[in-house]
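Colleague: Here is what each chain is made of, one letter per residue.
2 protein chains.
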Amino acid sequence: MAGGVGSRFWPFSRTKCPKQFLDFFGTGRTLLQMTFDRFKSLVPTENVLVVTNMMYKDLVMEQLPCLSASQILLEPTRRNTAPCIAYAINRIKSVNPNANIVVAPSDHLILDETTFVETIRTGLDFVEKNDSLLTLGMTPTRPETGYGYIQMSDGDTNLRKVKAFTEKPNLEMAKLFLESGEFLWNSGIFLWNVRAIDAAFRKYLPEMAAKFDMGKNVFNTDKEVAFIEEMFPSCQNISIDYGIMEKASNVYVLCADFGWSDLGNWCSLYELSEKDQNGNVALKCNTAFYDSKDNVIALSDGKLAVISDLNGYIVAEAGNALLICKRDNEQAIRQYVNDAQVRFDGKYN
Amino acid sequence: MAGGVGSRFWPFSRTKCPKQFLDFFGTGRTLLQMTFDRFKSLVPTENVLVVTNMMYKDLVMEQLPCLSASQILLEPTRRNTAPCIAYAINRIKSVNPNANIVVAPSDHLILDETTFVETIRTGLDFVEKNDSLLTLGMTPTRPETGYGYIQMSDGDTNLRKVKAFTEKPNLEMAKLFLESGEFLWNSGIFLWNVRAIDAAFRKYLPEMAAKFDMGKNVFNTDKEVAFIEEMFPSCQNISIDYGIMEKASNVYVLCADFGWSDLGNWCSLYELSEKDQNGNVALKCNTAFYDSKDNVIALSDGKLAVISDLNGYIVAEAGNALLICKRDNEQAIRQYVNDAQVRFDGKYN
Chain A
305 MAGGVGSRFW PFSRTKCPKQ FLDFFGTGRT LLQMTFDRFK SLVPTENVLV VTNMMYKDLV
365 MEQLPCLSAS QILLEPTRRN TAPCIAYAIN RIKSVNPNAN IVVAPSDHLI LDETTFVETI
425 RTGLDFVEKN DSLLTLGMTP TRPETGYGYI QMSDGDTNLR KVKAFTEKPN LEMAKLFLES
485 GEFLWNSGIF LWNVRAIDAA FRKYLPEMAA KFDMGKNVFN TDKEVAFIEE MFPSCQNISI
545 DYGIMEKASN VYVLCADFGW SDLGNWCSLY ELSEKDQNGN VALKCNTAFY DSKDNVIALS
605 DGKLAVISDL NGYIVAEAGN ALLICKRDNE QAIRQYVNDA QVRFDGKYN
Chain B
305 MAGGVGSRFW PFSRTKCPKQ FLDFFGTGRT LLQMTFDRFK SLVPTENVLV VTNMMYKDLV
365 MEQLPCLSAS QILLEPTRRN TAPCIAYAIN RIKSVNPNAN IVVAPSDHLI LDETTFVETI
425 RTGLDFVEKN DSLLTLGMTP TRPETGYGYI QMSDGDTNLR KVKAFTEKPN LEMAKLFLES
485 GEFLWNSGIF LWNVRAIDAA FRKYLPEMAA KFDMGKNVFN TDKEVAFIEE MFPSCQNISI
545 DYGIMEKASN VYVLCADFGW SDLGNWCSLY ELSEKDQNGN VALKCNTAFY DSKDNVIALS
605 DGKLAVISDL NGYIVAEAGN ALLICKRDNE QAIRQYVNDA QVRFDGKYN
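Line by line, the protein sequences are chains A and B.
Numbers in our numbering are just positions in the first sequence, counted from 1, shifted up by 304.
Numbers in our numbering are just positions in the second sequence, counted from 1, shifted up by 304.
The hints are simulated quantities; they were obtained by calculation from the structure and are not laboratory data.
Treat the hints with caution; some may be incorrect.
Said to hold, decoys possible - Here's a subset of chain A near chain B, in silico, CB distances under 10 Å, partners left out: (1) Pro-537; (2) Lys-588; (3) Asn-590; (4) Ser-596; (5) Ile-601; (6) Ile-611; (7) Ser-612; (8) Leu-614; (9) Asn-624; (10) Ile-628; (11) Asn-633; (12) Ala-636; (13) Ile-637; (14) Tyr-652.
Glycine is no exception: its CB is placed at the ideal position from the N, C-alpha and C atoms.
With these hints in hand, go ahead and build the complete structure from the sequences.
Modeller: Encoded structure:
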């Protein structure tokens, strides 16, 4: 899944080139490329599908030149994850109705790739043998309020039935979750076979399933694109979590711990980044701090930031824009971007 | 005079392209070009000399293509204003020992050019007839602590003998200066004829005058450059104010009021710029302020700055560097630039 617009990381992430297409850490590989690389030993290249928005087609082809055009599924409009996943599973079903599938966002960070690969193998083994929906749950390391949580059933294995999904908790609740040992972070990485997810769509999102059924003879043919362009915009705008996972009864979670972050916002990036002795984080830039602490500074490659008397701020500069705001006010960034869009006619999106 | 390095405006102003070569206000003309334009109706183009550092030769030629190479006098090293002016007057003397001269910095702002031209005409009339040293004094409009002041003798004309030059005062003193009506801002713009300034150099800086005398036959010949390269670095590093103006007895001041600023630092720029209702100044960029006041924001042309919860800061970004510091701490900028030079090997100078 590579269709997000990543507005929370503006101005680093732009509508025309959102987060998944950026070399976020200056490693030479974008988040999308790192996600692709991570699956190299698990999935043959020809079995990889990237679902993205039409406007990112060229970016995906440029960043993953090993993919053929038919492996890039183009959403004509943004409709959240359920229609995105429905599109991909219908394409896969037309090729192999017994396929086992991993669904993964393309804009997450995973530090321990070896453990990741082992976890995915374990998950694929399970969904090959069970018509269940499997999600990866991350063992929490802090009372994070920015993630949804998964409550596991009792048990002594690391693969358990899900008791409940929860919304993002407040700090007090998050601390209880952490202490209980019953709760995992919801990673948004899913595994299932075609039969199980197909049945789930029919049961929990029957209208959407019916829309995709109308095209059952066009997937993987030259009529697919026209069909999707026509039908997709009419799909309900809903996430797979809310539409299916939270409602289905055959949902399991595999506990894992591979240094995961959804890179959802500057604060999560701040948390996982190396800090200097004053708690300052510098991303892709040189910095000289004077009487300043607890800032996260992200500039275009190799720039110098001289920062004096600043505490607890996000300073992000890229392309034609600069953002300076408090770290604890970062939920307002989306509003700033919207304001700028209206006021400057999209020039800085 | 166009040889300054303008480090107080870093990162806007860089060693390789200091302030006088920048289109500071986004008008399409650099400060040097605006200075040249200002003299168009007063001085024939062929009588204009630009004294600058060797490393800025190409910049001057590029920005003032109407000048021939011989009109650009190149300092092989920085030696403050006295040697710079000595070079120019010796060149002028070799062409016309009776010339009347205006010496002007190339990095000041002048808003009312009509009054400026009238003032210069009045001054030139005076120095044509009097072997005196004339300086332009600006009627102060606020108790500015960033300027030196000139105390006038009693009188009822706007051209008076100078009683004393003073250093930059503290605020209390500056308020007294302003109230007294006796004090003017020292603009650093001088007028004199060749005889008067030549005599002053001989009297107050005899060693420097002797050095230039050694080359009296080479000015305006193809031997001038080699002579200057050899001799100039041995000159005393001293300003014309300290070396001559403060010591000479035949110094006059012409009071003027043409909307002048030396653009000496961000605060002076802040003072004279248009502010929004929250006291924010934006230079050459678009801005969106949230809960922010009294900032001065200067970015590369046309960029957007989104600024939240920031009060009383300088935010300046240009080329490969960004500076964020408090307005009342701007005297530290020079130190920041020096630190960066050492730490990053001049990459951000």
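Colleague: Under the constraints set out in the numbered hints, which ones does this structure not fulfil?
Modeller: 1, 2
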